[in-house]
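Residues -19 to 71 in the working numbering are what the sequence shown lists, from first letter to last.
Computed list of lysine to aspartate or glutamate pairs in DMTMM-like fashion (alpha-carbon distance at most 25 angstroms, straight line):
#1 Lys39 to Asp51
#2 Lys44 to Glu18
#3 Lys70 to Glu45
#4 Lys(-4) to Glu18
#5 Lys70 to Glu18
#6 Lys53 to Asp43
#7 Lys70 to Asp51
#8 Lys70 to Asp43
Between beta-carbon pairs, the in silico distance windows are:
#9 Asn55 to Lys(-4): 33 to 43 angstroms
#10 Thr50 to Val(-16): 32 to 42 angstroms
#11 Glu45 to Lys67: 18 to 28 angstroms
#12 Gln38 to Lys(-4): 28 to 38 angstroms
#13 Arg35 to Tyr62: 17 to 27 angstroms
#14 Val(-16) to Lys70: 42 to 52 angstroms
#15 Ala3 to Arg56: 33 to 43 angstroms
#16 Phe26 to Val2: 16 to 26 angstroms
#17 Arg35 to Tyr66: 19 to 29 angstroms
#18 Ile(-14) to Tyr62: 35 to 45 angstroms
Derived by calculation from the structure, the hints in this document are not laboratory data. Think of the CB as a built atom: it goes at the ideal place given N, C-alpha and C, for glycine as much as any other residue.
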Amino acid sequence: MEAVSIQPSLDNGLDKHMENFVAAIRQRNPQILHAPIEVGAHIAIFSQLGNIAFRTGQKLYWDKEQQHFTDQKANRYLASVYHNGYKYPKV
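Based on the provided sequences and hints, a complete structural model is requested.
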């Protein structure tokens, strides 16, 4: 493997990811995705877990089987609080 020099970023890459995702949907072809959906899902989950750890200001432990933190304060950030009695339907 050869080293690759660091190159300055021209953008955040989101546009390219979105274009690729929309193209895969329009063509009904998941094979053209640059990364499997599962990879994007895991990245999004880990990003949110990091945000919750930052908000609580503490080290958190995730129970993968139960899909929640071992700390109840952190678990409050796992679901949105809606106003005016609105409830998001469970699907």
